[in-house]
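Take a look at the letters that make up each chain.
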Amino acid sequence: MRFEWFIAIRYLREGKAQTALVLGGTTVGVAVLIFLTALISGLQRTLVAQTLSAQAHVFVKAPERLARPLPSREQVTDHVEKVPDRIRSIEQWQQVLASIGTLPGVVAATPTAAGAAFASRGPATKSVTLRGIDPESYARVIDVVPKLRAGRFALEGAEAIIGTVLAADLGVGVGDKVRVATPEGRGDVFTVAGIFDLGNKEVNARWVFVPLRSAQTMLDVPGGATTIEVKVDEIFEAERMAREIARRYGLSADSWMELNQQLLVGLRSQSASSWMIQVLVVLAVALGIASVLGVSVIQKSREIGILKATGTSTGAIQRIFLLEGALVGGAGSVLGAGIGSAMAVAFARLARGPTGDPLFPVDLTPGLYLGAAAVAIVTGTLAAWFPATRAARLEPAEVIRYG
Amino acid sequence: MGEAGADVLRLEGITRDFGEGEARTRVLRGIDFSLRRGEFAALMGPSGSGKSTLLHLMGLLDKPTGGRVLLDGQDTGVLDDDGLTRCRGRTLGFVFQFHHLLPGFTALENVLIPMAADRGRLEPSMRECARALLDRVGLVSRADARATTLSGGQAQRVAIARSLAMNPKIVLADEPTGNLDTQTADEVFSLLRDVNRAQKVTFLVVTHDRRLAERTDRIIELVDGRIVSDLPSEPR
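Residue numbers (our numbering), protein chains in the order written: chain A, 2 to 404; chain B, -3 to 232.
Among these hints, one or two may not hold up.
Claimed, not checked - Partial selection, computed: residues in chain B whose CB lies under 7 Å from chain A: (1) H52; (2) L57; (3) D58; (4) D78; (5) T81; (6) G85; (7) F90; (8) H96; (9) G100; (10) P110; (11) A112; (12) G116; (13) R117; (14) L118.
No lab work stands behind these hints, which were simulated from the structure alone.
Beta carbons: idealized from backbone N, C-alpha and C, even for Gly.
Make the full structure from the sequences, and use the hints.
This is how it looks when you write it as structure tokens:
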């Protein structure tokens, strides 16, 4: 066994009350770290997943048409009226789609042709959003297949896939017919091939998926695509990807982050306050370790003098106390990980929605434990730095004479 | 160096001042003497004469204001902190007045700590070695007793065993019997004498007790920071 380990472990065992104090402090600190991080990250992951259940990460559209007044020194324009915009297709969307699909960070991209429409069956009529899609590539962008409640996610000929709410409103099931028409009067009768529940009432009440070709005809964008929906691999990179796509193709591109700014502000302030709490906790733990070890150095100054007089080097003395800090951090992280995980799991069990389902899972990952252990050990070692240096500087003659 | 009769320790013109400015006082005022290998010397003097200061300088626990300390021929003034620690660990052993054992450790561990500190790790052979040393001082039966549970005489014997752990050339003892009753003091002193004779270890023992001092080979007397007499002890 290393000499420093031998002495450090013995000192920790010997100073029972002091060791219990710092170990308790470190354990509580690590437990708070684990609990908060697991909770916040689980909560945030669930919130984001819910938001993105029916939403692509990036939406690419035709550039907005602006009425630009001619630049002239004499003329003063006080008002520029926007051109009333009809549904427009992205020019050369096939090439753009293929090219976006090859960008690094893009997982999948799919064309859609979307516009307003009415869905009716008998006397019931509902205002809906018509979404012409290519089911195969669409399923790669939005994870709809597992959310299908009935039927299948495929569109052959005049078939449509609708949400659970709309199905209930119109009183239709798989195999029934629904008439869908645009405000301009172009319409068709579709057979319901599937019914989905995307976890969002609005979407479940309004979205009607039809084959891309049918939507193109009904919306009067023959062969066109009004939107390219993109899935990226790193969801918080979506905004950067959107800007990149807009710049590269001269199109308009919005990320889910821009479309859900409130959620994002919420997530960010949640993260910031959680960070703040964690930093303060770590600081408190560091101060606790530093002060208890500081006291122990003063109490042990005579022993340190004896160790030095009997051949222990200054460096070894310093390492003994640094090691004490690191050991407390390490042991505290093991105990704290246990308590923190138990707290997080208990909390997740207790916090249930009105239907009794757990509201969100807690994220207890190996990375979290390793991170917390690293923080605790580094904090322990750094906190021990001052007392350790102080111990190393003790003059043996002084403490032996006066000690 | 090394052969019998050679100087293992030499002090040349040692002075030591304490304090700053007006309050500056000179505790040692020019000390010159040397210890030969195998010698058993007593250092005597009234309180405040500078005995402990001198002992700490010889033990490399303190640095002189002026003069040189030569240990086994090596000028220790040129060594850095770690060099001093190593030199101290390997050439010197200490026995302090209040034994100064580490309270949280057993007798055996106290004896092996200098060896472990020198090697940087604990080895099984060190336990054997420490056990042998405890046997040498007649305390092997108390090897696993906590330092705090030992009697004064036992603790001092353990401290002597510890001072011998690194097979030192010189053992410096600061009133090793000052805290013991007369009979125990006699026993401990006899042990020092035995070790000195058997292993040719040089001893310098600071003591107040003239009766004990007279059992040594040489008595050095220090008064007000100067050596006032340095004579072979009266043959008894």
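**Interface hint outcome for G100(B) [beta carbon to chain A under 7 Å]** = holds (4 Å)
**Asked** Going by Cβ atoms only, is T81(B) closer than 7 Å to chain A?
**Response** holds (5 Å)
**Prompt:** Holds or violated: R117(B) as interface residue toward chain A, Cβ cutoff 7 Å?
**Reply:** This hint holds: R117(B) lies near chain A, its Cβ roughly 5 Å from the closest one there, short of 7 Å.
**Request:** Return the status of the interface hint for P110(B): holds when the least beta-carbon distance to chain A is below 7 Å, violated otherwise.
**Result:** Cβ of P110(B) sits 4 Å from chain A, so the hint holds.
**Prompt:** Measuring from the C-beta of A112(B) to each C-beta in chain A, is the shortest one below 7 Å?
**Reply:** At about 4 Å, which falls below the 7 Å cut-off, the nearest Cβ of chain A leaves the hint on A112(B) intact, so it holds.
**Item:** Per-residue hint verdict: F90(B), partner chain A, C-beta under 7 Å
**Value:** holds (5 Å)
**Minimum beta-carbon distance criterion (7 Å), L57(B) to chain A** = OK, holds: L57(B) within 7 Å of chain A, min 4 Å.
**Message:** Hint validation: G116(B) versus chain A, beta carbon distance must be below 7 Å. Holds or violated?
**Reply:** Because about 5 Å separates G116(B) from the closest Cβ in chain A, which is inside the 7 Å limit, the hint holds.
**Interface hint compliance - D78(B) to chain A, C-beta minimum distance less than 7 Å** = It holds, given that the least Cβ distance between D78(B) and chain A is near 5 Å, below 7 Å.
**Message:** So, as I understand it, the hint says L118(B) touches chain A; can you test that by seeing if any CB pair is closer than 7 Å?
**Reply:** holds (5 Å)
**Message:** Does H52(B) hold up as a contact with chain A if the rule is Cβ-Cβ below 7 Å?
**Reply:** holds (4 Å)
**Prompt:** Once the shortest beta carbon distance from H96(B) to chain A is found, is it less than 7 Å?
**Reply:** holds (5 Å)
Hint check: no violations occur; every hint is consistent with the structure.
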